[in-house]
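Trainee: Using the supplied hints, reconstruct the complex from the two chains, each of which is provided in its own coordinate frame.
From first to last, the protein sequence lines stand for chains P and C.
Plus 1 on top of the position in the first sequence (first one is 1) and you've got my numbering.
Plus 101 on top of the position in the second sequence (first one is 1) and you've got my numbering.
Hints were generated in silico from the structure; no laboratory data involved.
There may be inaccurate statements among the hints.
What the hints assert, rightly or not - The calculated label-pair distances, taken between Cβ atoms and stated as ranges, are:
#, chain 1, residue 1, chain 2, residue 2, range
1, C, P268, P, H548, 46 to 52 Å
2, P, A352, C, G296, 54 to 60 Å
3, C, P190, P, H676, 28 to 34 Å
4, P, G132, C, R270, 52 to 58 Å
As the list claims (entries may be wrong) - Listed next, the stretches of chain P that the computed footprint assigns to chain C, with coverage defined by at least 3 CB atoms under 8 Å from CB atoms of chain C:
#, region
5, 428-440
6, 454-467
7, 635-646
It should be emphasised that the depicted structure is a prediction, and the values quoted were computed from it without experimental measurement.
We treat Cβ as the ideally placed atom computed from N, Cα and C, and that holds for glycine.
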Amino acid sequence: MTADPTTSSRSKHRGGPPPGPVGGTHRDPALESAPPWAEADVAFLCDLRASGGTAWRLEAEARIQAQSGWRTAFIPAFVPEGGAPGRDGLSVDGPAAACLKEGVAFLLDPHRTMLRTRLLVLHGAETLFDGLLKGSAEPVPRILADRVVAVVGGSGRDRPPLRDVLRRDALLRSLFGPSLSWSATDAGVLEELRGAFPALGTEPEPWLPSTWLEPGAPFRPGRRLPVVGCIPVPGAAAAGPPAFPGALCRALVAEGAAAPAGWERIEAGEMDPVKFVASLDFLVHLQDGLPSGMPLHAVAQALVRGVPTILPPSLESLFGPGPLYLCATEMPGAVGRLQADPAAYRRTCLATARHARASIGPEIHRARLARLTGRTPGPLRGAARPRPKRRPVLFMSANEVGLGHLTRLLAVARRCPDGVAPVFACLGQGVRIVEQVGFPAEFIPTHSLAGCDPADWNAWLERQLDDMLDGLGVAAVVHDGSTLFDGLVRAVGRHRDCRLVWLRRAMWRATQANGPLLARQRFCDLVIEPGDIAQSMDGGITVGQRHLAHEVAPIRLLDPDELPGREAAAARLGLDPGRPAVLIQLGAGTNRDVVGMIGAVLEALAAHPEIQPVIAEWATAPPAPDLWPGVKRLRGFPFGRWFNAFDFTVSAAGYNAFHEILDFGLPALFLPNGHPSMDDQAGRAAFAQAQGCAFHLAEADRVALPTLVGALLEPKVRRLMRDNCRRLALPNGAGQAASAIASLVSRGISG
Amino acid sequence: MKDRPVVGYAPPELARLRERTELQFHQAALAEHRLRSLAERAGLRPDIVVLDEPLAPRKPAAGRGSGDPAPAAPSPAPCPDMEGPAPRPLDPAPGWACSTLRGSAGARRVIGVSVCGFDAEGVRRVVELVASQQQRDRDFVPVFLTDCNEFEVFGEYGFAFEYLPPPGRRAGHPREGDWPAYAARRRRLIERKWGLSEVIAFGMGEFGR
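Bound-form chain C, shown alone (with noise of 0.2 Å):
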């Protein structure tokens, strides 16, 4: 008989806690959608009133308006890539509906699912998508990366992301001006950060471009 892996072993309490956390999800999500489902049915509206207003700055004469552009950054020194040896990666939970992949002694991979160009409507819609294919094949971890700034479906899965700006929102950054080649930096870093195995894309937004 084989030894049990040591690695992906979670103590008994720990593993009940991961079961009952994953029933619960699937059952909160059944409830809260027969309970939109009768309140639609009902005739029911909510009425939410949405606060977007932007706020102007506050500072003595001659201030700068919010669209005034910080200044560029000094350009990089002439050197190679000096960012010496890597952290090991992150171990991304694996959301709610899944939360037992963590402490199974599987082998599971971390993918990146680019979804860029989307609505916080079309975000949902695809998280969805990926969570019921995950629930399938239980062998893989997302982590979302976005440009859009409504992160909340995120929090409601449990599932990691990252979020760089989409080209309407770079405005006033300080690298703006060079943009592609520090968005280039920051997915490399990205993707070590997660030991991502692969990037799957979704729409025609590409994360960062």
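Chain P extracted, bound-state conformation (with noise of 0.2 Å):
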């Protein structure tokens, strides 16, 4: 790491240089090569690894800061020899790590640059230089403070061992003077301090929790159906967890806890606790014993952003007035009759903020800054990064077999409003179609594409999205596909400020195995289920689903008034108006033999001499061999453009292919893709032939073929068909999509 960009050259004259090295024989080239100075109101020597209690108050007490106009470093405990902060990941991660990119405070390497503080805060100080109170040397970071506090943290059942508490006073104020005193987060722990060590020079008051506030709403917006959450304690034992009828139960499982029967489970790596908390409508403490690190700081956010929070009696002495308190089985009928009432919703969400934006707010931690330094900070502004009026938005496909999950994203992204702009994320091969429609686009290649293992190649995803979304500034990620990635979930779950949106088209087949699949909707800020003509012949997974996703009319790409007319279209592909076309289109022919099936529908074709076949190649396939001499072959994107120069098509029944042919009453035969990782196509095809818009044919009934070829030459049958579409043809949902993802990024996380 160079220089911190908040040194100063001017700062180089302000006070000499801090203690040297202490214990052992450790000597720092950089002192001696007059290391540059950096300035901070506030700096915290902590380890920064940490994703316990110390790192949420860290973590609330920058933000606190950056939300005063106040400058805070994070000087890590102990950087090893020749590694700088950050890097490798040895000292950076968890909640510090995401103070850091948000610019909310800076990072002090201790090897390179000096600090000079008002106020120095030692968290977890029962455990810092360990090493030099054994004897060992270990580098030390030179701070000048005019202020320094050492934090003893945990309480009851993780309550320190208080030891070596003198001669680590000692060492402290030898490291960074006399103007040292020791205080703890817990009081009694305090006390205990006091009692054992009357010579310790300790605070009047405990060091209280204070939790910052996010801008935005105080209250969620009612929901179909609540959700409500649980963050396990790790180690305690879940009490018989209450069934809360007609309302998901969502839990924040750490590592060692265990979430109650029934419940869906989140990891803690899954998702950030913060978010969680945002998410859910109810926050309900099911174990009696008390909430401690990150359960404890996820309760805090809850309060001060006024979800209503439902605790167990014992632990009204801790929180005070602001939560409900209730025993397990009183729980469902509070949620219940909350949910009943907008009204008294609101009302306990605007007692829950603001009860404990006076008992664990920032203005604890203002307060206390203002009597440690004798400084007042400056009045609270809003978040540490102004957002942008427009957004980006990162539209993510899976296409790896056809072009349906980028299509129906491309038909979203043209319609969305001036607050987002759409940034693609092909995980196929899309990029140029995406270009080609006028979008920046990404290329992330799939596991299958790379030919990797699918593992390692989600913990890459991961690393990537992260990349861009910090990158980016990316709002939300809109993914179309059947599968959200591990790397997805955990990237975007890490981002407090990014939500997820999967658009996921119906009719999924009732014989595919998909509850895990769908099981991750948990993870999604909004689902959205574009509307499907042959919903009545959906029988798969998604139905019972249903009320929890957020439905659109069929989406499709282009609207009527962008296909040009007979005589255009016909003129563009080379056609003669006069005569029959057929348009060939059965897919990208990456799970099913296409070659084989297109020759069988020229072969009846060939019948009928007047017909000007035409076979659709798929954009992202490889160009196949000239296998039929004679015939145009379209490559490009999108066919549907070109419908009227066409009589009719012989079709796959993919979703967008199969609405717009409805939708623009092209009368087709349809030959549905019956591979076992497909969706429902042959649900979509029947429907449509006992609706007599088309016909269907399922692949091995091949030798029907010329008869339904004949019976598509009759003018009759095509007007019939036709008219039977436009009875069926449905608004394009495109632009409710759009709108629908447009308001919810336009919402903060409180939102």
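Mentor: Right under this line is the structure:
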């Protein structure tokens, strides 16, 4: 790492050099070559890899300081020789890393930079500099601080053993000067310190938790189904979980903790706790034990956000007014009553937030800062990074077989309002199409495309998405595909201000075991289900989940006014508009024998020499050898734009082709793709035939092709099909989906 | 007698499948070549219509045009590289023509092959060249780094590849304004992702620059 950006040459003249190395023979050449100075209002020296209570306290206090206009430095408690902080993940992780990424604090490399600060806080002081106390060499950061507070963490079950307190006190004074006092996050521990070590300088009050506020609405809008969440405490047995009828129950589970039976489980690494509580309508604590560490801070976040929080009565002495205190059996009734009465729910939200902000809000820490530094922090302002008016939204498609997922995303992106700036991440070969439509595109090859191990690939997907979400400032990821990949879930789950939207078409086949795939919708902020004209044939697993999705009309890439008329379309394709033309579009050919089927169709058409057959070749498929010389081939995107050049089509029954055909009234013979991994194309084709819109032919019944082709050449048949298509046509739902996404990203995570 | 190395050992059925894939790839390539030659001799030219018309955005009044740039992304926070420990590098597919390289015990390097500034035909020629070199040496697996958005040839040969747009196709990208820094970060990530031992470059263009 080079010098910190906050380093100031002016500051070199303020004060002398800090104390030199202590304990052992360590000599840092950086000291002799006059390292640069940095300045901060408050510096935290602690283990920045931690993910427990200290880490959450650090984040809360750093955010409050940033919102007060104060500059914060993070100093890793111990950096291995030769390694810079943050490199190789040795020193910074979890909430501290998030603060650094957002610019809430800066990282000080103690090997290369000296620091002057008004206040130095040593969080987790009970274990700091253990190496020096044992006589081993350990590099020491050089800090000039006006005031130093050593804070002992933990309480209750996590109460730390108080070892070597006086020796440690002497060491810290020798390192950072005499203006050092001790405090503890727990009042009992502070009392114990005072009793056991009367000579120790202690603060008049414990270092109480203080939680920052995110800008945004203090309460959530009502949902059809409320989401009740809990964060079990590791090691504590879960009380018998009550049933919450009509609610979704989700548990955020840290290592060593047990989720209540029957609740949806989200691992701690899959979603940031603050994001988790912000997604809830109710937070409940089902254990009698005291929450600590991450669960405690999540409860605090829920309270200041105004998420109605229901705790067991035993915790009333800890949290005071604000939460509802009920035993487990009474919780479901309270949730039901509040959900049924929006006005009462809103009043509860506001009261929860009001009480919590008084008892654990940012003013607690701000008053502490004022007392310790003699300066009043500036007025609280909003988030550290202002949101731009137009926010990038990443449209991510997993098109490995055809172009269906990508086409739906393009349909929505084309209709996004001004607040949304679409960017695409193509996991398959769709980059050229995206760029043709006019959107910027990134490429992340799927494991199947790159031929590598899926688990390894997911780890890199997470890394690559993480990079993109940070680098592009992405407000939401809109994924179209049947699998919400682990890497996707984890990357988005870690970004508090990034939403996850699943654009999930229906008609999953009933024979597929898709329960685990579908259950991953628990990670989503919004599930959009585009309608399907053949919905009445849907026997798939998503039918039972429709009430959790935002339903829109069937999504189409094109609107009717974008299709040139017959003469113009035929001219573009080099066809004679006076002769019948047939479009053969049977898919990309990645999972069925398209070549054999095209051969069979052309053979059936050969009996009618007046027909002009045209083969549609998928833009993402390798160029096929010219097996049928003299037959025109189309390459590119989208084929639907040129439908008016044709009299009928022989087509697969994928979502997009099916809806374009019916909505644009093109007579069709459907040859559905029956591959076990596909959606229920046969169901769509059967529906269209039952409605008189098209013929349906299973692959095994190719022998009937000549008969059906003959029927489609009858003008009366085609007219009837067109009329029936018009009867079923629905408006385009792409605009509705775009509006839902825009509305989602326009709200902060509190909204 | 030395033990058979565990790394690279493939079950017999899988090994046979790879051998068959490799063989059939070569036979199919030859058959396609013969077919094209015969068609050309017979004067049969493919009749292909390429559909590449742009699509205008469809949005309410005051919508943005497709060329309207996205907002600049927020400036990165002043902090050092926070990448942390990298996952283990991916093991890219060796390509259809050398399918048996995967599962063989010999050491092989993963090499980045930058092929930028070419059209699809130019890229194809480089891929063919690298594929024949690979068949001779059988000691490396290429990962192509390209700025050409026509990817079909990579699928045809079964090679892994990465893409970053060339200067002319970065309009509207949220990081268009500070592209060099963004692309440098992407290149670093790609190098670590595949564990590239080196990058060799064809053509004048440089990947992501």
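Trainee: Would you mind marking each hint as holding or not holding in the structure?
Mentor: Status of the hints after comparison with the structure:
1. C:P268 / P:H548: 46 to 52 Å: holds (49 Å)
2. P:A352 / C:G296: 54 to 60 Å: holds (56 Å)
3. C:P190 / P:H676: 28 to 34 Å: holds (32 Å)
4. P:G132 / C:R270: 52 to 58 Å: Distance hint for G132 (chain P), R270 (chain C) holds at roughly 54 Å.
5. 428-440: holds (count 8)
6. 454-467: Coverage by chain C holds for the region 454-467 of chain P (7 residues, Cβ < 8 Å).
7. 635-646: holds (count 8)
Going through the hint list in order, the structure satisfies each hint without exception.
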